[in-house]
Each structure stands twice: as C-alpha cells, then as structure tokens.
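Those protein sequence lines, which keep their order, are chains A and B. Note that this note's numbering gives residue 176 to position 176 of the first sequence, counting from 1, and the numbers run on in steps of one. Note that this note's numbering gives residue 61 to position 61 of the second sequence, counting from 1, and the numbers run on in steps of one.
These are computed hints drawn from the structure, not numbers from a lab. Watch out, some of these pointers could steer you wrong.
[Said to hold, decoys possible] Which chain A residues face chain B? A few, computed with CB under 8 angstroms, are given here:
| hint | residue |
| --- | --- |
| 1 | I59 |
| 2 | T186 |
| 3 | W313 |
| 4 | V370 |
Glycine included, each C-beta is placed from N, C-alpha and C at the ideal position.
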Amino acid sequence: MSALDQLFVALKHWLIGFFPAGPWQLLVSALISIGTIIGSFALLFAVVTVLERKGLGRIQNRYGPNRVGPYGFLQFAADGIKTLTKEDVVPRAADKLVHFLAPIALVVPVFLSYSVLPFGRNMVPIEMDGGVLFFFAVGAATELSVFMAGWSSRNKYSLFGAMRAIAQMISYEVPLILSSIAVIMTVGSLSPVTIVEAQAEYAGWLANWYVFTPWGLAGFILFMIAATAESNRSPFDLPEGESEIIAGYYIEYSGFKFALFFLGEYLGMFAVSGLAITLFLGGWSAPLSFLDWIPSWLWFFAKLFALIFLFIWVRGTLPRLRMDQLMNFAWKFMLPMALIDLVVAGVWRFMAPGPVRWAACAALLAAPYVLLGRGLMGKKKLGKRTYRYAD
Amino acid sequence: MLGTGIIKGMAETARNFIGSYVDEERLTTVQYPEERLPQKENARNFPFLVHDGDDRHAGLRCVACLICEKECPPQCIYIEKSKDKKPDYTGKLQFYPAIFDIDISVCMSCQICVEVCPFDAIKMDTEFELSTDDRFEGLLLRKELLAKSNAYYRKIHPSEAAEVDARLAAEKAKVEAKAKADAEAKAKAAAEAKAKAGGAPAAAKPATAPTV
Numbered sequence: 001m002s003a004l005d006q007l008f009v010a011l012k013h014w015l016i017g018f019f020p021a022g023p024w025q026l027l028v029s030a031l032i033s034i035g036t037i038i039g040s041f042a043l044l045f046a047v048v049t050v051l052e053r054k055g056l057g058r059i060q061n062r063y064g065p066n067r068v069g070p071y072g073f074l075q076f077a078a079d080g081i082k083t084l085t086k087e088d089v090v091p092r093a094a095d096k097l098v099h100f101l102a103p104i105a106l107v108v109p110v111f112l113s114y115s116v117l118p119f120g121r122n123m124v125p126i127e128m129d130g131g132v133l134f135f136f137a138v139g140a141a142t143e144l145s146v147f148m149a150g151w152s153s154r155n156k157y158s159l160f161g162a163m164r165a166i167a168q169m170i171s172y173e174v175p176l177i178l179s180s181i182a183v184i185m186t187v188g189s190l191s192p193v194t195i196v197e198a199q200a201e202y203a204g205w206l207a208n209w210y211v212f213t214p215w216g217l218a219g220f221i222l223f224m225i226a227a228t229a230e231s232n233r234s235p236f237d238l239p240e241g242e243s244e245i246i247a248g249y250y251i252e253y254s255g256f257k258f259a260l261f262f263l264g265e266y267l268g269m270f271a272v273s274g275l276a277i278t279l280f281l282g283g284w285s286a287p288l289s290f291l292d293w294i295p296s297w298l299w300f301f302a303k304l305f306a307l308i309f310l311f312i313w314v315r316g317t318l319p320r321l322r323m324d325q326l327m328n329f330a331w332k333f334m335l336p337m338a339l340i341d342l343v344v345a346g347v348w349r350f351m352a353p354g355p356v357r358w359a360a361c362a363a364l365l366a367a368p369y370v371l372l373g374r375g376l377m378g379k380k381k382l383g384k385r386t387y388r389y390a391d
Numbered sequence: 001m002l003g004t005g006i007i008k009g010m011a012e013t014a015r016n017f018i019g020s021y022v023d024e025e026r027l028t029t030v031q032y033p034e035e036r037l038p039q040k041e042n043a044r045n046f047p048f049l050v051h052d053g054d055d056r057h058a059g060l061r062c063v064a065c066l067i068c069e070k071e072c073p074p075q076c077i078y079i080e081k082s083k084d085k086k087p088d089y090t091g092k093l094q095f096y097p098a099i100f101d102i103d104i105s106v107c108m109s110c111q112i113c114v115e116v117c118p119f120d121a122i123k124m125d126t127e128f129e130l131s132t133d134d135r136f137e138g139l140l141l142r143k144e145l146l147a148k149s150n151a152y153y154r155k156i157h158p159s160e161a162a163e164v165d166a167r168l169a170a171e172k173a174k175v176e177a178k179a180k181a182d183a184e185a186k187a188k189a190a191a192e193a194k195a196k197a198g199g200a201p202a203a204a205k206p207a208t209a210p211t212v
C-alpha cells in the first residue's frame, strides 16, 4: 500500500524503535495510541461544536458564531476558557463523591470504546476478537454515569432527566445491538477489523459495503436512529429537555464537570458513528475501487464528518419527541423492524445473488415498514396527538 | 407513510442551509456593533437637556424651575438653582441649574419630565450604549453630559423638534413684537411729553403707560 496510507503506522513504528524491545515497547505503543486518540478526538470535538453551531445557524438562516478567529472557528477556545474558569458549584445536599465521579465515569468508557475501532488500514489500537461486544459493553457503562449524575445532584429535575435517560438508553440499546447483529451474523465475526475487511472487497467497481444491500440499508437507518437516541441528541434529547426539565441530569453541573459531560456526549456520538461506519459503511475502505488511492484514514474521517453532518442536520430539523412517542417508537417500531432485518439478512445469505434476491429482500423489509407505520399512525401511537377532552 | 414528513422537513432545512450561502437576502441578522438599523423616530430611553446654539452654558434652556424634579416618579433628578441669572432665548433673565443630575440607574424612562417641562428644556434621548465600569458615578449623568445641542435633538426626533422649534420661534417673535411695540409706545409717549412740555412745567412722566 502507499506510504501515505501507512503514514501513521510507520510513524508509530519509528517512534517505538527508540525503545528497547519487550514490555517497554508495548507500553510506549499503548501510550502513543492513547495520546493520539485523546488528542485527535478532543480536537474533533472542539471543531464539531463550532461546526454544529454554524450549521444550525445556517439552517435557521443565521450566521452562527463568526466573531472569534477566522470565520469564528476559534469559538471553541473562547468557550473552553470560559468553562474552565467558571466556578464549580456543588449543591450542599449532593452526594459529593458520586457527583464528582459521574463525569469521569462518562468520559472514561467513551474513550475506551475508541480502542477497538479501525481508523484505517492496520490502524486499530487493540485488535480484539470481540471488539463489537467490547464496544457495546463499554458503551452501556455510560448509562451508569448518567444515573450517577442525576441521583447524586439531589434535584428533582436531574432525577427526572436521569430516569428518562435510563429508560431511553436501555430501550434503544436493544435495536442498536439487534441491527448490528445482522452484520455480525453475515461476517461471522465480532472483530471490527474482520468486519471492515469483509466489506473492503469490490464487486466490479462498487465496494461490498453492507449499506448497499436492502438489509444493510435498513440496518444502517435503524442503527443511526438508535445511535441518535443513545447519544441523547435531538430529536431524542428528552433527558436534557431544556424547555421542560431545564438541563436534565446536567442541571447541577457547572464549569469543568459540565464541559466533561459535554465532551463525553459528543465523543459518544463520534464513537457510535465510528461503529456505524465500521459495520455498514465499510470502515476505512473506499466506496469505488478506483478511489482506493486516497488514504484509508482519510476515508474514515470523511465518513465520520458525513455522519456528524447528518446528526447536525437532523438536530436542526426535528422537534423533540414526547416520552410516550419515544417508547412506542423503540418497542413497537424499532424492535420489530430490527428483528425482521435479522431474518432478511439470513434470507439474503441463503438466496442466490441476483435481482430476485434484491427484490425479495427489499419487499420483505418494505411491507412490514409500511404496515407497522400505518398501524402506529392509525392508533396514534406516533404522529399527531389528539385530545379526548380538550379541543 | 411513516417518515415522509421527516424527509419533507429535512428537505426544507437543507434548502435553508444551502440557501443561506447562496442568497444573502435570507440572512436577516444585523451584525450589531458594525451594522446598525436606523432608530425609530419614537425611540427613547433617558432624558437629556437641550441647549440652543453651541454654548452649553449660555444656550441651556433649563431655568431650574424644579418641576421635573418634583414630578419625577422614581426621583432620579437632582437640581440646584443658581444664585445669579442669565438671559434665556428671548433675552429675559432667568435662573439656570447650577447642578442638574440624572441617575440613570434609577430613571425608568417614563418621559414625565418631558411632559411637564414648560420650557421644552428636557427631552428624551435615544443613546443606549451607556454601559460603564462604575455603577455609581458612571451612571450618574451630570449637567455637562446631559446638555446636548438642539441640532442633535433635531437629528434624533426630527418632527418633534420641528414642532418645538416652531413654537419657540413664534413665542420669541411674539416677545420681540411686544418689546418693539413697548419701545414704540414709549418713544411716542416721550415725543408727546416733549410736545406738551412747551407750556406746562416739566411733568415728563406720562400718567399711565399705554396698554400694549
């Protein structure tokens, strides 16, 4: 492969070469990986906060931040200085230890989840056989931190927020994992590296990404919806719900702890986007065979930015769901669709390739989608609310 | 079908997103410190003192009658009357305020001082960038800061100022006409007295001054 593609791998090997062989090299290798991930994703977080505000502004026909630095891109520095120098207020009635630990318990697992994502060819911090499982296990730990924050603040709004968050995150974890099981089943491996390699092959000029199959497309959409809910982003931002419970479980956090929560939330969004890229969008592989010369890590980050833009776009479009809509959507639409998607993935595996397979699988997914949608809309489980007594 | 509304909404926001880069007309933001919208003519916030001409002291219309001080609901005006007098716009000798302070941290911009002033000396300003790093002295506006020229008043409230100017000019003309008539009558009386002085002893003083 080209030198540019393996630039960072070669750089790391060169740096490790300065240390004596044995445990020292392992330690330095780990430290380099950790430092790079923390540095690059913290920078990405900083850039995305500005991009998000600018993007949302443009969606609402505003400029967004445009004062600090060129085109306002240094806004994150101003925001950072502001949050770091703010007073750190802890409520008198709070459980101080848990209140202090909650943001750490969010950021640490989120950073851990990056350790299994392949960012490029040969660029995976830990090559783990059960990488996807590890990712979900670590990702589930964020729920604990959210509840720690909500409970320890001893504030009714933060407790409301935490309970909403728990209900939402556990409900949406089910379709999130089920939609990724279709990929795991097809590849026959839990290792993200193997999953990407299975997609990095080309049938003609088109890559063998799973998003180009009917079940993969459905799985990707289900995964992204669940990922939006998992990362507590609009339209699933009920746990924060500024208009009703002020800031949810954040309410008693200020200064650096609040910044950590903010960081953790965004990093969680990037991590889950990275997993979506790994599972459905072919990881670091190029979509078309003749674009293979572009470095693999560049492809990964291009896809990451595309998904982040999608998140921002959705946030700028959709209003917040109601709690009952949220739950109905998770259990009555997402879960059955994810299960059907699993079956369709199996059907796809055992049918002979060709247009018939395509049509059959697409129909198997479209029919329940239409019927479920119609049923839920008809019973007012989703969509417009009607009031029995008012009107 | 489920999801069509979402696609419609996404299309709408995408149209706005791209449109805001293509069509400058969409961006309604006024970038305040650099760009400003012209102020509405009826805009007002804190009162100021009007002076005619360029001299702040000589042209000051205020005669320290203390009406505004007494009428001010939050009592933010403090006036001290002068010992001496200076001529006002008609030339009549009047007191003037030795001290005239308005505490704008207390002022509620009710415009009652403007309503009650019989001399058109106090008017509402449109200046709103009054932030200061000193919340006591910095928010207490002294006479020197309050006095602003009639030209400024004409600029910020053109139609109101035109009406006031016309009224004051008419009053001044009336006073001048009266003075002239007085002078003429005086001269006439003097002439008559002179004519009479041929026979009678020097009773130069006319018995009664002619009315008007």
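Against the structure, the hints come out as follows:
1. At about 5 angstroms, the closest approach between the beta carbon of I59 (chain A) and any beta carbon in chain B falls short of 8 angstroms, and the interface hint on this residue holds.
2. Taking 8 angstroms as the C-beta contact cut-off toward chain B, the hint placing T186 (chain A) at the interface is violated, the least distance being around 25 angstroms.
3. Look at W313 (chain A): its Cβ gets to within about 6 angstroms of chain B, closer than 8 angstroms, so that hint holds up.
4. With its C-beta approaching chain B no nearer than about 6 angstroms, V370 (chain A) sits inside the 8 angstroms limit, and its interface hint holds.
This entry does not satisfy hint 2, going by the numbered hints stated previously; all others are met.
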